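Colleague: Place chain F on chain G using the hints.
Chains as they are written, first to last, in my numbering: chain G, 1 to 251; chain F, 1 to 179.
Hints may contain errors.
To be verified - Partial list, derived from the structure: chain G residues whose beta carbon lies under 8 Å from chain F:
hint, residue
1, R27
2, C43
3, S53
4, E57
5, H58
6, R64
Claimed, not checked - Simulated restraints on C-beta separations:
hint, chain 1, residue 1, chain 2, residue 2, range
7, G, S250, F, G135, 42 to 48 Å
8, F, I147, G, H193, 55 to 61 Å
9, F, G58, G, A169, 37 to 43 Å
10, G, D35, F, R80, 35 to 41 Å
11, G, A164, F, I147, 54 to 60 Å
12, G, F45, F, R82, 27 to 33 Å
13, G, D35, F, I147, 51 to 57 Å
14, F, P18, G, S73, 17 to 23 Å
15, F, P18, G, L246, 32 to 38 Å
16, G, E148, F, G135, 34 to 40 Å
17, F, G135, G, A164, 49 to 55 Å
These are computed hints drawn from the structure, not numbers from a lab. Values in this document were obtained by computation on a predicted structure and should not be read as measured data. Every residue, glycine too, gets a C-beta built ideally from N, C-alpha and C.
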Amino acid sequence: MDCDLTCSTLHAYFDNELSAAGDAEFRRHLEHCSDCVAELDACHFVRHSLQRSHIYEHAPALLRRKIRADLRSFAPTSVSSQPLWWYWMAAVAALLFVAILLGRVDHGLRGDDYQAELAGEIVDAHVRSLQPGPLTGIASNDGRIVKEWLDAKLEFAIPVRNFADEGFALKGGRLDVMEGRSVAVLVYERNGHPINVFIWRTREPDTSPRAGSRQGFQWVDWRKGKIEFCTVSDADPVDLEKLHQLISSSA
Amino acid sequence: MDDLGAENRLRFEQLVLPQVDAAFNLARWLLRTRADAEDVAQEALLRGCRFFRGFHGGDARAWLLQIVRNTCYSWLEKNRPRDLMVEFDEELHPQPVATPESIAIADEVRGRLTRALETLPPRHREVLVLRELEGCSYKEIAAIISIPIGTVRSSLSRARRQLQSVLINPGCKEPLRGL
Numbered sequence: 001m002d003c004d005l006t007c008s009t010l011h012a013y014f015d016n017e018l019s020a021a022g023d024a025e026f027r028r029h030l031e032h033c034s035d036c037v038a039e040l041d042a043c044h045f046v047r048h049s050l051q052r053s054h055i056y057e058h059a060p061a062l063l064r065r066k067i068r069a070d071l072r073s074f075a076p077t078s079v080s081s082q083p084l085w086w087y088w089m090a091a092v093a094a095l096l097f098v099a100i101l102l103g104r105v106d107h108g109l110r111g112d113d114y115q116a117e118l119a120g121e122i123v124d125a126h127v128r129s130l131q132p133g134p135l136t137g138i139a140s141n142d143g144r145i146v147k148e149w150l151d152a153k154l155e156f157a158i159p160v161r162n163f164a165d166e167g168f169a170l171k172g173g174r175l176d177v178m179e180g181r182s183v184a185v186l187v188y189e190r191n192g193h194p195i196n197v198f199i200w201r202t203r204e205p206d207t208s209p210r211a212g213s214r215q216g217f218q219w220v221d222w223r224k225g226k227i228e229f230c231t232v233s234d235a236d237p238v239d240l241e242k243l244h245q246l247i248s249s250s251a
Numbered sequence: 001m002d003d004l005g006a007e008n009r010l011r012f013e014q015l016v017l018p019q020v021d022a023a024f025n026l027a028r029w030l031l032r033t034r035a036d037a038e039d040v041a042q043e044a045l046l047r048g049c050r051f052f053r054g055f056h057g058g059d060a061r062a063w064l065l066q067i068v069r070n071t072c073y074s075w076l077e078k079n080r081p082r083d084l085m086v087e088f089d090e091e092l093h094p095q096p097v098a099t100p101e102s103i104a105i106a107d108e109v110r111g112r113l114t115r116a117l118e119t120l121p122p123r124h125r126e127v128l129v130l131r132e133l134e135g136c137s138y139k140e141i142a143a144i145i146s147i148p149i150g151t152v153r154s155s156l157s158r159a160r161r162q163l164q165s166v167l168i169n170p171g172c173k174e175p176l177r178g179l
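Same shape as in the complex, but just chain G (with noise of 0.2 Å):
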């Protein structure tokens, strides 16, 4: 090999970018030719030192504020064709889990950044219920339809079942982000109230139902198989425990 052509090939070599057979004869070649040797030293110390030096610049809190700023200034349009008499339901529900979970939170050992970054999350899911437009959803009774629709968007399989003979009809789901991540909402209709039951993957252990209220509204919240469900709803409390066990019933 003559060193002078074999420089591109040594940068690949060096960034496992070479095939198999291309790295083998590399290799071959690193053994008789001290200057390739010498450059792969320079490389790794240039590596090195840009990894060791830290200089990768991280977008200030500012910048990604403005950003979320921008992305509400953009208006939605209307995804299903028929606005969803739930949607606004959803959205208040919304709003009310976030303040669940901020009152978790309040009790835990959270920094100002995450505080912060939550609050945000509670603009964006109010900018969000405020626009006339319907959220991002699926109206069906169809569990499976329900289920396909929101596999496709989620890392993880959600159980999803239409209770319509206990008295719980699926109305639909959608997807909502809280906190940064994705979270998936089952909507039910019992006796005329809706219920959301917001559903996300969690690592904690399983745990029985906690249940609480807030303006009016109940919530039962549990986990089960790496996954939390909190459902909400101004319906009767002993309604969303018999949801509860549907649910972890059939899961």
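Modeller: What follows is chain F alone, placed relative to chain G:
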């Protein structure tokens, strides 16, 4: 202003917003100042919103960085065209100067690396930033810069040699040590 659509906005938030660091870092090294990089990165993200309908999956980081890069070059052509005409000249590249931050050794190393990188022509600087700081593969770099993979290889080898020559330069009295 163009419509993004609620579903697309959600996808944009999930796929593109996590790449803001990468966008800012590339802009900062192409433009060489943080203030300009903030403005241009913001503009690039806005452009990304407008073009997002044309993104049909794949590598969101490479997709965004391509827009960032184009936005940076447009900005340079308009505001600092001389930056784009600079060819690397080992004799002429600026010598490192003592600055307050060079008092601390770590800062001095960082400062020298920063100046060394900024000395390179933009087209060599960007391949180094994408490869060494962003960890992009040759295929990703080729997509971002719109050049063949063979050209990525040769650009990287030239860029690394230039950076070495700046770092280990007679004008720098002694080679970079202590890392």
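Colleague: Evaluate each hint against the coordinates.
Modeller: Results of checking the hints against the structure:
Nearest Cβ of chain F to the Cβ of R27(G): about 18 Å, over the 8 Å cut. The hint is violated. Evaluation of the C43(G) hint against chain F yields a held restraint, the C-beta minimum of about 6 Å falling below 8 Å. The closest approach between the C-beta of S53(G) and any C-beta of chain F is roughly 4 Å, which is under the 8 Å cut-off, so the hint is satisfied. Taking 8 Å as the C-beta contact cut-off toward chain F, the hint placing E57(G) at the interface holds, the least distance being around 4 Å.
The interface hint given for H58(G) is met, as the beta carbon of that residue sits about 5 Å from the closest beta carbon of chain F, less than 8 Å. Taking 8 Å as the C-beta cut-off, the interface hint given for R64(G) holds, the closest approach to chain F being about 6 Å. Checked against the hint of 42 to 48 Å, the C-beta distance between S250(G) and G135(F) comes to roughly 43 Å, which is consistent with it. A C-beta distance of roughly 60 Å is found between I147(F) and H193(G), which places it inside the suggested range of 55 to 61 Å.
Range check, G58(F) to A169(G): Cβ separation about 39 Å, and the 37 to 43 Å hint holds. The hint said 35 to 41 Å for the Cβ distance between D35(G) and R80(F), and at roughly 38 Å that hint holds. A hinted range of 54 to 60 Å holds for the C-beta pair A164(G) and I147(F), which are about 58 Å apart. As the Cβ distance of F45(G) to R82(F) is approximately 31 Å, the hint placing it in 27 to 33 Å holds.
A hinted range of 51 to 57 Å is violated for the C-beta pair D35(G) and I147(F), which are about 27 Å apart. Checked against the given bound of 17 to 23 Å, the beta carbons of P18(F) and S73(G), roughly 21 Å apart, stay inside it. Between P18(F) and L246(G) the Cβ separation comes to about 36 Å, which falls inside the hinted range of 32 to 38 Å. At about 35 Å, the CB distance of E148(G) to G135(F) agrees with the hint of 34 to 40 Å.
Remark: the range hint 49 to 55 Å for G135(F) to A164(G) is upheld by a beta-carbon distance near 51 Å.
Going down the numbered hints, you'll see the structure goes against 1 and 13, while the others check out.
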